[in-house]
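Construct the complete structure from the given sequences, taking the supplied hints into account.
There are 2 protein chains.
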Amino acid sequence: MALIVQKYGGTSVANPERIRNVAKRVARYRAMGHQIVVVVSAMSGETNRLISLAKEIMPEPDPRELDVMVSTGEQVTIGMTALALMELGIKAKSYTGAQVKILTNDAFGKARILNIDDHNIKNDLNDGFVVVVAGFQGADGNGNITTLGRGGSDTTGVALAAALKADECQIYTDVDGVYTTDPRIVPEARRLDKITFEEMLELASQGSKVLQIRSVEFAGKYKVKLRVLSSFEDEGDGTLITFEENEGTNMEEPIISGIAFNRDEAKITVLGVPDKPGIAYQILGPIAEANIDVDMIIQNTGADGTTDFTFTVHKNEMNKALGILRDKVQGHINAREISGDDKIAKVAVVGVGMRSHVGIASQMFRTLAEEGINIQMISTSEIKIAVVIEEKYMELAVRVLHKAFELEGE
Amino acid sequence: MALIVQKYGGTSVANPERIRNVAKRVARYRAMGHQIVVVVSAMSGETNRLISLAKEIMPEPDPRELDVMVSTGEQVTIGMTALALMELGIKAKSYTGAQVKILTNDAFGKARILNIDDHNIKNDLNDGFVVVVAGFQGADGNGNITTLGRGGSDTTGVALAAALKADECQIYTDVDGVYTTDPRIVPEARRLDKITFEEMLELASQGSKVLQIRSVEFAGKYKVKLRVLSSFEDEGDGTLITFEENEGTNMEEPIISGIAFNRDEAKITVLGVPDKPGIAYQILGPIAEANIDVDMIIQNTGADGTTDFTFTVHKNEMNKALGILRDKVQGHINAREISGDDKIAKVAVVGVGMRSHVGIASQMFRTLAEEGINIQMISTSEIKIAVVIEEKYMELAVRVLHKAFELEGE
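Note that the protein sequences, when read in sequence, are chains Z and E.
Under the numbering used here, the first residue of the first sequence carries the number 1, and numbering increases by one thereafter.
Under the numbering used here, the first residue of the second sequence carries the number 1, and numbering increases by one thereafter.
Hint data in this document are derived by calculation from the structure and do not stem from the laboratory.
Where hints are given, some of them may not hold.
Since the list gives no way to pick one copy over another, a pair counts as held whenever it fits inside one copy or between any two copies.
Said to hold, decoys possible - With a straight-line Cα cutoff of 25 angstroms, these simulated BS3-like cross-link-like pairs (lysine-lysine) come out: (1) Lys91 - Lys55; (2) Lys392 - Lys403; (3) Lys276 - Lys194; (4) Lys91 - Lys110; (5) Lys122 - Lys165; (6) Lys91 - Lys320; (7) Lys392 - Lys315; (8) Lys91 - Lys101; (9) Lys55 - Lys24; (10) Lys315 - Lys194; (11) Lys110 - Lys315; (12) Lys392 - Lys223; (13) Lys110 - Lys320.
Here it is as structure tokens:
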């Protein structure tokens, strides 16, 4: 008997029929004697509907009240899922994030989980219940409802698996595993049977969208066994996220595991900053205080004693970040110009193998050059090389890189 | 400076435009220096949409999970209402029932309020916030979400007014006050400037639908000043619910204040019961244990040592009640037959004046007889005479009684 956390995304619970299918799968695992905790997202489209309602009232909705509204999406799904299980004769009980309780900080709309009280869930599991938990949400220390931000249901699933010491966390989605890149862009993309946490982290953070980045961080930190599966197929083992590294175990394995991309970011450039200590902090401090996440950060020293500072944020937060910089920072640091560009995309080549192989970067840059794609920013880590390019070239870049690194399926 | 609780029903918050109008009214009261607590229902249609979703999954939904789903309706509205107030520059903060917290028993779908913690709301009011509370919902002692049943938002409003010792509880609805009967059935129906609690109680319980019965009980018990107003008109003082009785204050005032009706009930008859002590308890005990509310109860002694026992329940619960009687009661008490009829309606003549005047009952019965309407059950109190008739005659009965008792407006 194992304890399994199964997380189902919005498309897997898009309507009553699909929710019934989720219940049937849970019933099969239950029949094998497993204890099951089900984490569900809002029905697909519901979160956007609620955000639109809020924006009809207030174009930039107060984040506390937006969370009050948006969190109802999952609350409806947990009720429906529990009912669907009962209809199959299975004892089931639903919990909102606040009911669990999943304690978060108070960063509304992008809260982070601080602690999970596993007391009630454990009792219910021991009493034979399937426990259905609302993903994506929690409550802060004052009982205010919070949401974890887009994709936060994955984080809920992994965090619950960690708190309950579950044997496996299964992430059900509309794809049957992790691919070398998005098959909608490159039809030849190939499913990976397994992938390391590090690669997964890069693939998710670079925008592969199969798993939300924070869930992968969580899984790595708490050594949660994570598996990505399709909720629309009953066969197949999906992609297992492993701790071991591919490197060295099999020299025949490909160096590069996938091409990730992301068009949700915007680039902010601060030009003509005096090149002296503390500048980076003076620029990014106010951004961090406003709870705006920053992804890539690049600084180049110029010849005239000034430097240019560039970083990327989520597109939705570009104007807020620009406002902060112009109001609070520009005068202080005497910057010549501050500009934003949301017509960019990030494309990354990811693979654990790359750290021991030279030539990946040059291969990548040559491939892009051959297509006439200009590179605006470059950022590297041990297992990835990411570039920022003009958004309109993104799909082309992904396709030619996928081919150049021979990632196609047989 | 007064503390006012304003409750807005589903039609008053049916869409963003109407929610903005609610915010504007609140802003006017705020500008007069009043402290305001706003209680809102779900947007009209939303509760039914959620119930339908649940029934698509499970035809008779588990009540705990149904409450989890249905309670999201008001949760969306509180967020929208708080946003609309903020958009007008007013500090506002929303609370779900559980957040307040409004403690109820665990009768899911028809919970009763046990206690209201006014601590957070009072603090927020003193800090200058308008507090927006979700009507219709609370949480039991174990943190399970509960709903108070249809119309429960009125109860929330009155209970909050009582707990906060508010100066007035204003119930905004789609009518501009309490009428002698439903103007949709009798166009000549007249608005009452004031009405006693007792009359209101009968009018509401008999189905006037302007206010939910439990809210009126609550208001009477805690001496809450209650006023019914239109949310679609800025003028008019609505109908004030008073504690004084009309009787004696003005002999010229009409004896009868209104005609109430209700088509939500079903009649259950237990035929051929041995006429001995304890029978009523043996029949109604199991019904009460199943949390089924009973309205009228009538027992007639027969000549053969048996008696017939008849009572009414909500239509939705007729089959459940019949099942309980047949499974648990019929054998025990040796009843000949148990039958149900949901094609009935209740019509009542209500007025404080009636206790000192003879002839009201005979006038009522004669009026119905002249139209050939058969009376199935009769029940009387000091201020009302109610009859059960065949449902198809209900509107006719209301119209002829309204005319017979000269309730038309000038």
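Cross-check of the supplied hints:
In this homomeric assembly, Lys91 and Lys55 come within 25 angstroms of each other (Cα to Cα) only across copies, at 18 angstroms, whereas the closest approach inside a single copy is 39 angstroms. Within a single copy, Lys392 and Lys403 get their C-alpha atoms as close as 19 angstroms, which meets the 25 angstroms cut-off; across copies the closest is 75 angstroms, which misses it. For a Cα distance limit of 25 angstroms, the shortest separation of Lys276 from Lys194 qualifies neither inside one copy, at 46 angstroms, nor across copies, at 77 angstroms. In this homomeric assembly, Lys91 and Lys110 come within 25 angstroms of each other (Cα to Cα) only across copies, at 23 angstroms, whereas the closest approach inside a single copy is 33 angstroms.
Only within a single protomer do Lys122 and Lys165 lie at most 25 angstroms apart by alpha-carbon distance; the minimum there is 11 angstroms, versus 42 angstroms between protomers. When the C-alpha separation of Lys91 and Lys320 is checked against a cutoff of 25 angstroms, the pair qualifies only between copies, where the shortest distance is 22 angstroms, while the shortest distance within a copy is 47 angstroms. Proximity of Lys392 and Lys315 under a CA criterion of 25 angstroms is satisfied intra-copy only: 15 angstroms inside one chain copy versus 61 angstroms between copies. Only within a single protomer do Lys91 and Lys101 lie at most 25 angstroms apart by alpha-carbon distance; the minimum there is 21 angstroms, versus 28 angstroms between protomers.
In the homo-oligomer, the alpha carbons of Lys55 and Lys24 lie at most 25 angstroms apart only across protomers (18 angstroms), although the nearest pairing inside one protomer, at 37 angstroms, exceeds that limit. Taking CA atoms no more than 25 angstroms apart as the test, Lys315 paired with Lys194 passes in neither setting, with 32 angstroms inside one copy and 57 angstroms between copies. Only within a single protomer do Lys110 and Lys315 lie at most 25 angstroms apart by alpha-carbon distance; the minimum there is 15 angstroms, versus 46 angstroms between protomers. In this assembly of identical chains, the alpha carbons of Lys392 and Lys223 never lie at most 25 angstroms apart, being 39 angstroms within a copy and 68 angstroms across copies at closest.
For the identical chains of this complex, Lys110 and Lys320 are intra-copy neighbours only, at 16 angstroms inside a copy versus 46 angstroms across copies, given an alpha-carbon limit of 25 angstroms.
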